[in-house]
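Chemist: All chains should be modelled from the sequences, with the hints used to inform the complete structure.
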Amino acid sequence: MNRKEDRPSKIAYERHLNQLGIPGDSRKSKGGRVPDYVKYGTWLRVNDPGGFESGYQAWKAKVRAEKGYDD
Numbered sequence: 113m114n115r116k117e118d119r120p121s122k123i124a125y126e127r128h129l130n131q132l133g134i135p136g137d138s139r140k141s142k143g144g145r146v147p148d149y150v151k152y153g154t155w156l157r158v159n160d161p162g163g164f165e166s167g168y169q170a171w172k173a174k175v176r177a178e179k180g181y182d183d
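Each residue of the sequence shown is one higher than the one before, counting from 113 in our numbering.
Fair warning: there could be bad hints in the mix.
[To be verified] Capping the alpha-carbon separation at 25 angstroms, the derived lysine to aspartate or glutamate pairs in DMTMM-like fashion look like this: (1) Lys-151 - Asp-137; (2) Lys-142 - Asp-160; (3) Lys-179 - Asp-137; (4) Lys-142 - Glu-126; (5) Lys-140 - Glu-126; (6) Lys-151 - Glu-126; (7) Lys-172 - Glu-126; (8) Lys-122 - Asp-148; (9) Lys-172 - Asp-160; (10) Lys-174 - Asp-160; (11) Lys-140 - Glu-178.
[Said to hold, decoys possible] Distance ranges between label pairs, derived from CB positions: (12) Gly-144 - Trp-171: 13 to 23 angstroms; (13) Pro-147 - Glu-178: 26 to 36 angstroms; (14) Ser-166 - Arg-127: 12 to 22 angstroms; (15) Gly-143 - Tyr-181: 33 to 43 angstroms; (16) Gly-143 - Arg-119: 29 to 39 angstroms; (17) Asn-159 - Gly-180: 27 to 37 angstroms; (18) Ser-166 - Gly-144: 12 to 22 angstroms; (19) Arg-119 - Gly-162: 16 to 26 angstroms; (20) Arg-119 - Gly-144: 23 to 33 angstroms; (21) Lys-140 - Arg-119: 30 to 40 angstroms; (22) Gly-143 - Gly-180: 19 to 29 angstroms; (23) Gly-180 - Pro-147: 34 to 44 angstroms.
Just so you know, these hints were derived from the structure itself, not from any lab. Remember, predicted model here, so these are calculated numbers, not experimental data. Even for Gly, the Cβ is constructed at its ideal location relative to N, Cα and C.
Modeler: Below, the structure is given as structure tokens:
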């Protein structure tokens, strides 16, 4: 039941962000810093590794709590 594929990973987080898309206020066309044409998760991982990592840790804790995983 605790399959590796089901656990939250950085790749899964990046894909999650890519599916959500760029937050409206972060788009360059609206005065933000993220180009409108990029995949947000990939852009964040490459251009803001600290922000990606902190977001990943928070997302991982949330997903693990929802799925009932123990450390």
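Chemist: Each hint should be assessed against the structure and marked as holding or not.
Modeler: Against the structure, the hints:
1. For a cut-off of 25 angstroms, the pair hint linking Lys-151 to Asp-137 stands: about 15 angstroms separates their Cα positions.
2. In summary, the hint linking Lys-142 to Asp-160 is supported, as the alpha carbons are separated by about 19 angstroms, within the 25 angstroms threshold.
3. In summary, the hint linking Lys-179 to Asp-137 is not supported, as the alpha carbons are separated by about 31 angstroms, beyond the 25 angstroms threshold.
4. Taken as a hint, the Lys-142 and Glu-126 pair is honoured in the structure, with Cα atoms around 23 angstroms apart against an allowance of 25 angstroms.
5. A distance of roughly 20 angstroms separates the Cα atoms of Lys-140 and Glu-126; the hinted pair therefore holds under the 25 angstroms criterion.
6. Of the supplied pair hints, the one linking Lys-151 and Glu-126 holds, its CA atoms being roughly 9 angstroms apart against a limit of 25 angstroms.
7. For the suggested pair Lys-172 and Glu-126, the alpha carbons sit about 12 angstroms apart, so the restraint of at most 25 angstroms is met.
8. Distance restraint check for Lys-122 and Asp-148: the Cα-Cα separation of roughly 23 angstroms lies within the 25 angstroms cut-off, and the hinted pair is therefore satisfied.
9. A distance of roughly 18 angstroms separates the Cα atoms of Lys-172 and Asp-160; the hinted pair therefore holds under the 25 angstroms criterion.
10. Of the pairs offered as hints, the one joining Lys-174 and Asp-160 holds, with about 21 angstroms between alpha carbons and a cut-off of 25 angstroms not exceeded.
11. Proposed proximity of Lys-140 and Glu-178 is contradicted: the alpha carbons are some 34 angstroms apart, above 25 angstroms.
12. Here the CB-CB span from Gly-144 to Trp-171 is close to 21 angstroms, well matched to the stated 13 to 23 angstroms.
13. With their beta carbons about 32 angstroms apart, Pro-147 and Glu-178 fall inside the hinted range of 26 to 36 angstroms.
14. For the pair Ser-166 and Arg-127, the supplied restraint of 12 to 22 angstroms holds, since their beta-carbon distance comes to about 18 angstroms.
15. Restraint check, Gly-143 to Tyr-181: a C-beta distance of roughly 39 angstroms satisfies the suggested window 33 to 43 angstroms.
16. Checking the proposed 29 to 39 angstroms range against Gly-143 and Arg-119 shows it holds: the Cβ atoms sit about 37 angstroms from each other.
17. In this structure the hint that Asn-159 and Gly-180 lie 27 to 37 angstroms apart at CB holds, the actual value being about 34 angstroms.
18. Between Ser-166 and Gly-144, the C-beta spacing of about 18 angstroms keeps the proposed range 12 to 22 angstroms intact.
19. For the pair Arg-119 and Gly-162, the supplied restraint of 16 to 26 angstroms holds, since their beta-carbon distance comes to about 23 angstroms.
20. For Arg-119 paired with Gly-144, a C-beta distance near 32 angstroms keeps the hint of 23 to 33 angstroms intact.
21. Checking the proposed 30 to 40 angstroms range against Lys-140 and Arg-119 shows it holds: the Cβ atoms sit about 34 angstroms from each other.
22. Checking the proposed 19 to 29 angstroms range against Gly-143 and Gly-180 shows it is violated: the Cβ atoms sit about 41 angstroms from each other.
23. The beta-carbon spacing between Gly-180 and Pro-147, approximately 38 angstroms, falls within the hinted interval of 34 to 44 angstroms.
The structure fails to meet hints 3, 11, 22 from the earlier list, while all remaining hints are met.
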